[in-house]
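Asks: One letter stands for each residue in the lines below.
Number of protein chains: 2
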Amino acid sequence: MNEDREKQPSADAPSELRQDPVSGEWVVIATGRAKRPHDFVSVRQRTTTQSKDMCPFERMFPAARGVYRRDGGNTADDWFVQVVPNKYPAFVEGACPVLREDGPYRVTDGIGFHEIVITRDHERPLGLQTPAEADLVLQAYQDRFRAIKQDPCIRYISVFHNHGPQAGATIEHPHSQIIALPVIPPDISRSIAGSQAYGEAHGGACVHCAVLKHELRSGERVVYENKDAVVLAPFASKTAFELRIMPRTHGAYFENAGVSERQGAAEALAVSLDCLFKGLGDPDYNFFLHTAPVGHAEMFSHYHWHIEIIPKTAVWAGFEIGTGIEISSISPEEAALFLKTIHH
Amino acid sequence: MNEDREKQPSADAPSELRQDPVSGEWVVIATGRAKRPHDFVSVRQRTTTQSKDMCPFERMFPAARGVYRRDGGNTADDWFVQVVPNKYPAFVEGACPVLREDGPYRVTDGIGFHEIVITRDHERPLGLQTPAEADLVLQAYQDRFRAIKQDPCIRYISVFHNHGPQAGATIEHPHSQIIALPVIPPDISRSIAGSQAYGEAHGGACVHCAVLKHELRSGERVVYENKDAVVLAPFASKTAFELRIMPRTHGAYFENAGVSERQGAAEALAVSLDCLFKGLGDPDYNFFLHTAPVGHAEMFSHYHWHIEIIPKTAVWAGFEIGTGIEISSISPEEAALFLKTIHH
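Taken in sequence, the protein lines are chains Z and W.
Under the working numbering, the first residue of the first sequence carries the number 1, and numbering increases by one thereafter.
Under the working numbering, the first residue of the second sequence carries the number 1001, and numbering increases by one thereafter.
Since the hints were derived computationally from the structure, they do not count as laboratory data.
This structure is a prediction, so every number in the text was calculated from the model and none was measured.
There's no promise every hint is true.
Lysine to aspartate or glutamate pairs mimicking EDC-like chemistry, simulated, CA-CA at most 16 Å apart [stated by the list, open to error]: (1) W/Lys1149 <-> W/Glu1093; (2) W/Lys1213 <-> Z/Asp102; (3) Z/Lys149 <-> Z/Glu93; (4) Z/Lys213 <-> W/Asp1102; (5) Z/Lys340 <-> Z/Glu225; (6) W/Lys1052 <-> W/Glu1123.
Looking at chain Z on its own, in the form it has when it is part of the complex (with noise of 0.2 Å):
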């Protein structure tokens, strides 16, 4: 945490130390902080830094690995995603790596993929497209995890989107990046190992639905819905404004998912990210998808895969990287409250 508080108005009521039912991981819900929604609205004006004429992005790459037009796009150039590797990849393809043994340690090469989706407009993100665009993205994603996962070494296929400087996107135009991974990153493995736990506990059901469940009865933190997907303030946000979009129907594999449960996830994102867009006033972000590992499905069938948005509204300081607590300035009920008068 940092030190916004001492700045704060002291509160009657102690924080909560609410705990996440898949991870066993606690964040802190600063509920008696005087912030309210409007203190996170950004005040800055977003501009194109990056232009256009220069934008390495700008063009259509003849090594592209998937191409997807809107309707009634059919010429060459008239393209709306595009996937092409990274021509600086952290992880590049390559013969299964061997884990060696130095010392104390484990290491292992870093091979995998590393690809760029990308979508066409310079200065239309993610928030000001269409849900049928944004289709097209979870489109691109799914080809890729389906060809991606037939190499053998590939254990865990990562995507990710970071909008503005201080998610971490360097390169301005609206693009997503995969990074398919021989190893199961720690987060995923103590997602599934919790998910799992509950299952043994509960006779075997989904966390992820039972969640779904409570929070559709209760309605406090559900932000939007539509006949596939909803999306929820998690009840343990470990940011304000954080968005969870879930596919009510249980499934372990994204890519997986049939054409009407990816639109309706489509058509959530591009809800959620038009909520922090007008709601915020166009706040950085990350979003992520989480699914479940390659292979071993029947390890996995107790794996709910969904979308995490997490707005960059805080700083992460000693407390947060020396704890693993993070601290939310803002319930996500008032969030939800707050995201929901914008759609309607």
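Following the hints, complete the assembly by docking chain W onto the known chain Z.
Replies: Quick look at chain W alone, frame taken from chain Z:
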């Protein structure tokens, strides 16, 4: 990860995935990247933007829970360190909280302690303080740990220090924070579990002692050592120029460290921060202590307290937030080599 790498020359060698031997977490060391230590030198000149006249910490607090003077100091105004309750605490003192169930969730009140440890000089951060001054800070931490652990609600005491706005410090005057919690934070639980698992597999041995022995033998990641403490660039560094201060003597509890050990750690801390200050041009950073949870000492005898310093050398973006895998763009070996030359 952000797209910095898209701007970097391509690499022949793939990156390396390294596993932390305690937490089991993976990090990526992007060894093939072209970044060299000098690329991390902060170009900005830090300017004091919060004037001394307006600073809320520029006074002696009557409610101070501890006051420490430099040798020779004897007047009431001659303080160097004071510990004061946070005026707007994230955790408030009170009766032990009860864990409540709320549908599928668990929640508890934010009962605990939140204190500020202030050093005297407005414009002199810890990186510019002497080892003797840093020792007064550690002494203040220790005294508060010993007092706070008497409270029956407290399960963990966290002490951390934010330096610079990017590290979450909103009040510029140098200070640390102590937060005492009624739960064990997730990062500590994992660290404890990893340390315990290693002990069980190695006849009760301490994983931190094994790492220390390995590092002292190899020397390639040792930045500084004195008779009581060693400064390492960790093998599985989460950020560029991460540093860890390890006491040579095995001990689970920071607050039980003897005077010589505390002084050794203080000197190591002062040297580390001085190296970062001079070598990287006063970067923003966080540091924090990891120590065993309060109570049940027999359960934590395998633990080994230490201090971690995390410079803000990169933005954690969608990949890091979505997977828990950090990407460091310089190897700890190269970071150690560079920082070593700063001190000598």
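Asks: Each of the hints needs a verdict: does it hold here or not?
Replies: Now for the hints, and whether the structure bears them out:
The suggested pairing of W/Lys1149 with W/Glu1093 holds, with an alpha-carbon distance near 13 Å, which does not exceed 16 Å. Taken as a hint, the W/Lys1213 and Z/Asp102 pair is honoured in the structure, with Cα atoms around 13 Å apart against an allowance of 16 Å. With a C-alpha separation of about 13 Å, the suggested pairing of Z/Lys149 with Z/Glu93 holds against the 16 Å cut-off. Between the alpha carbons of Z/Lys213 and W/Asp1102 the distance comes to roughly 13 Å, so the proposed pair stays at or under 16 Å and holds.
The suggested pairing of Z/Lys340 with Z/Glu225 holds, with an alpha-carbon distance near 10 Å, which does not exceed 16 Å. For the proposed pair W/Lys1052 and W/Glu1123, the alpha carbon gap of about 8 Å is at most 16 Å, so the pair holds.
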